[in-house]
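Asks: From just these sequences and the hints, can you work out the full model?
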Amino acid sequence: MGFMCEASIPKNLRWIPKGMEVKYPAKAATDIRCVAKVAHDAWKPGDLSVEVKAYDLDDNIVIEGTITIWVSEKSKQVK
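Take the sequence shown: its position 27, counted from the start at 1, is 27 in this note's numbering, and no numbers get skipped.
I should point out that these hints are in silico values taken from the structure, not numbers from a laboratory. The beta-carbon is built from N, C-alpha and C at its ideal position, and this holds for glycine as well. Mixed in with the good hints, there may be bad ones.
Claimed, not checked - Derived lysine-lysine pairs resembling DSSO-like cross-links, with alpha carbons at most 30 Å apart:
#: 1; residue 1: K53; residue 2: K27
#: 2; residue 1: K37; residue 2: K27
#: 3; residue 1: K11; residue 2: K37
#: 4; residue 1: K27; residue 2: K11
#: 5; residue 1: K37; residue 2: K18
#: 6; residue 1: K23; residue 2: K53
#: 7; residue 1: K44; residue 2: K11
#: 8; residue 1: K74; residue 2: K18
#: 9; residue 1: K74; residue 2: K53
#: 10; residue 1: K27; residue 2: K76
#: 11; residue 1: K11; residue 2: K74
#: 12; residue 1: K44; residue 2: K76
#: 13; residue 1: K53; residue 2: K37
#: 14; residue 1: K23; residue 2: K37
#: 15; residue 1: K74; residue 2: K27
#: 16; residue 1: K53; residue 2: K76
#: 17; residue 1: K53; residue 2: K11
#: 18; residue 1: K11; residue 2: K76
#: 19; residue 1: K74; residue 2: K44
#: 20; residue 1: K18; residue 2: K76
#: 21; residue 1: K53; residue 2: K18
Unchecked claim - Listed next, with one range per pair, are the computed distances between beta-carbon atoms:
#: 22; residue 1: R33; residue 2: S8; range: 17 to 25 Å
#: 23; residue 1: E73; residue 2: A26; range: 16 to 24 Å
#: 24; residue 1: R33; residue 2: K76; range: 32 to 40 Å
Replies: Here it is in structure tokens:
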């Protein structure tokens, strides 16, 4: 999730984790692939919910949840 945030957040904004809710619907018996999604137009100051899911090698969901992040404007530095 953090990598997705860093790669997609507009340059004038910053983020910090605020909380999360996670479920473990199945046991992971293989390697897992994690996916975090947020709409490109959702980046604005305030709370932002990021959907996260982890899949095993058979594409079964083994972890799913929501991570809430706080998005704010970067302060303007005076030079």
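Asks: Now look at each hint and say whether the structure bears it out.
Replies: Here's how the hints hold up against the structure:
Taking the CA atoms of K53 and K27, the gap is near 13 Å; set against the 30 Å cutoff, the hint holds. Between K37 and K27 the CA atoms are separated by roughly 22 Å; this keeps the pair inside 30 Å, and the hint holds. As the CA atoms of K11 and K37 are separated by approximately 19 Å, the hinted pair is consistent with the 30 Å bound. For the suggested pair K27 and K11, the alpha carbons sit about 38 Å apart, so the restraint of at most 30 Å is broken.
Restraint check for K37 and K18: satisfied, since their Cα atoms lie roughly 17 Å apart, inside the 30 Å limit. Simply put, K23 and K53 have alpha-carbon atoms about 10 Å apart, close enough for the 30 Å limit, and the pair holds. At roughly 12 Å between alpha-carbon atoms, K44 and K11 fall within 30 Å of each other, so this suggested pair holds. Between K74 and K18 the CA atoms are separated by roughly 17 Å; this keeps the pair inside 30 Å, and the hint holds.
A hinted pair counts as satisfied when its Cα atoms are at most 30 Å apart, and K74 with K53 qualifies at roughly 29 Å. Between K27 and K76 the alpha-carbon distance is near 46 Å, which puts this suggested pair outside the 30 Å criterion. Pair hint K11 plus K74 holds up; C-alpha atoms about 8 Å apart against a cutoff of 30 Å. Restraint check: the Cα-Cα separation between K44 and K76 comes to about 17 Å, which is no more than 30 Å; the hinted pair holds.
Between the alpha carbons of K53 and K37 the distance comes to roughly 9 Å, so the proposed pair stays at or under 30 Å and holds. Restraint check for K23 and K37: the C-alpha separation of about 17 Å stays at or below 30 Å, so the hint holds. Taken as a hint, the K74 and K27 pair is broken in the structure, with Cα atoms around 40 Å apart against an allowance of 30 Å. Between the alpha carbons of K53 and K76 the distance comes to roughly 35 Å, so the proposed pair goes past 30 Å and is violated.
For the hint pairing K53 with K11, the CA-to-CA distance comes to about 26 Å; that is within 30 Å, so the pair holds. Between K11 and K76 the alpha-carbon distance is near 12 Å, which keeps this suggested pair within the 30 Å criterion. With a CA separation close to 12 Å, the supplied pair K74 and K44 stays within the 30 Å bound. For the given pair, K18 sits about 23 Å from K76 by alpha-carbon distance, which is consistent with the 30 Å threshold.
A threshold of 30 Å between alpha carbons decides the hint, and for K53 with K18 the separation of about 18 Å falls inside it, so the pair holds. For R33 and S8, the hinted distance range of 17 to 25 Å is satisfied, since their beta carbons lie about 18 Å from each other. Restraint check, E73 to A26: a C-beta distance of roughly 40 Å breaks the suggested window 16 to 24 Å. Between R33 and K76 the CB atoms are about 39 Å apart, so this pair conforms to the stated range of 32 to 40 Å.
Hints 4, 10, 15, 16, 23, counting from the list given before, are not met by this structure.
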